[in-house]
Amino acid sequence: MFLGKKRKGDRIFRWVVIGASGYTLLMLVLVAFSVIEGAIPVFSLEGLSFFIGTDWNPVEGRESYGALPYVIGTLVTAGIAMVIGVPISLGIAVFISEIAPPKVGTPVAYVIEVLAAIPSIIYGLWALLVFRIWLLDLIERPLYQAFGGTLPFFAKAPFGLDVFTAGIVLAVMIIPIISSISREILKAIPNSQREAAYSLGATRWETVRKVLFPYAKAGLLGATVIGLGRAVGETILVTMVIGNALGIAAIPTTLFSQSNTISSVIASQFNEAVTPFHSSALIALGAVLFVLTMGINIGAQLLVSRMVKVVPGGRE
Amino acid sequence: MINYQKGSIAAVTSEEYANSSVDYKLSSAQAYARGYKVSIRNLNSWFGVKQALKNINFDVKENTITSMIGPSGCGKTTLIRCLNRMNEMTPGAAVKGSVYLDDVDIYANGIDPVTIKRRIGMVFQKPNPFPTMSIYDNVAAGLKLNGIRDKKLINEIVEESLRGAALWDEVKGELGKPGSSISGGQQQRLCIARALAMQPEVLLMDEPTSALDPIASAKIEELLNDLKKDLTIIIVTHNMQQAARVSDYTAFMYLGEMVEYGPTKQIFENPQKELTERYISGKFG
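Protein sequence lines, in the order shown, are assigned to chains A and B. Here the first sequence is numbered in the numbering used here, starting from 1 and rising by one per residue. Here the second sequence is numbered in the numbering used here, starting from 317 and rising by one per residue.
Bound conformation, chain A alone (with noise of 0.2 angstroms):
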């Protein structure tokens, strides 16, 4: 081909950049193979039946495991956080882009990346050393006390270690993360959209709401998927503060049921799985949570290539 032609430190850079490539589809290769090598044994053992499956015995001889209390656990606490974390996250994110003049907003966009950096156990350390104490006295105990009688979200004794900790933490978590990518998609936005509202007599928030917003939609999507992906592959936090029942148990009934999510079953379990059964199973759980993640995936790009054919950028 016409590329023979090239000079050679092309077609060297060529092969590196296939090399490169090949790389990604060659990890998810493998990844893939041992997972679904690994998670053979259980599903020998349960079939099917390990995605509807509520036990979770490692006892030699009574084994039986299912995954559904985790994945439940997992939409549950990832759910919370983002009910609380997107509105959180874009109000932030149009305060600093649209209603902070320069002097308030930059600093206040610094120290949302400063937050965003910080590693996960940090957090899970505060929430469970400091924050979920907080919780439990202003808010848990007295919405229990409240509600507990009638609405059965609440109709259990708080203890502080719960999905609603969880999902709170999870969303002080991936807050920063949100805002900060928010800010980056609204901050991208051409000033002549903002200026065609003003010069209508738009106010800001009907700028925000009618034009900016509808304009970056697809951006301000991806940036809650990303969010919502933290939140659900989320282990060591999580493991910390959400109580870490087992088995039926883990199926939260109440806010303030103790659960599991399906990494923080995996991050508490491997080091005491010494049944070929159970470490399979935590495997399994694995293979789960990837296909899990990759569904979530694969319907927000889905999402965004829709929305982005509602939105052309220019004349076709």
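It is possible that part of the hints are untrue.
For the chain A half of the interface with chain B, some residues (derived, Cβ under 7 angstroms), not all of them [said to hold, decoys possible]: (1) 102; (2) 200; (3) 202; (4) 206.
Calculated from the structure, these hints are not laboratory results. Small disclaimer: the values here were computed from a predicted structure and weren't measured. Beta carbons: idealized from backbone N, C-alpha and C, even for Gly.
Position chain B relative to chain A; hints supplied.
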């Protein structure tokens, strides 16, 4: 902090009073009474420490087209952006002085910049339709922002505005298409329609044809003549021929000052200032 520079080519000199068709000695109220739509008095503007406008005074007659000409950086865009308080959206910008719309100073205390923008429309240098909205919604955007919900009324105004912007015949079959899907010249006329839908009293245009090809520019120039029946138009242009073709009055600005202001014919054929003469004849700028 107003910087009256003595002996410089400031806008207001006794000589200019005598020569100009516009009488700067009028108070804003007198100007209003004589049919001036916009009266600018002692307008100064700064970006940080740099002064962008130096003591600007002039009056704009109702239902006329006034063009601002001058070399890049002379402050003409800043001036036009001061006339609807858009300038204060720019970080670091400060404004001092008065701009009267009829007999109301838009910089007076208690005047809401939002309501001012609803009476003074603006068209920008680059077409900036809302890409997420359809052609129809682009035109209707201002109405909806103002709380108009009556579908029939909105339909009427959208059609009327698109006709006013000479775009109706080209887009009437595809009002649902995104505002960014039409050509650049059509997008700019869409932006004009969007401004017209607000039924403004004054239309500010900041180099509205500079991003367009000659044919699209000619269409917009043609349009201006029809629009001035209902509107007062102030247009910034880089193109002196354009100013000569479309405007009734012309203001020449240089280094933040208004050097000369008068009927377009006078400015182009018999300028009173040497600086104007040199700029018009292409010796600098």
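*Tell me, which hint numbers fail for this structure?*
Violated hints: none at all, because every hint is consistent with the structure.
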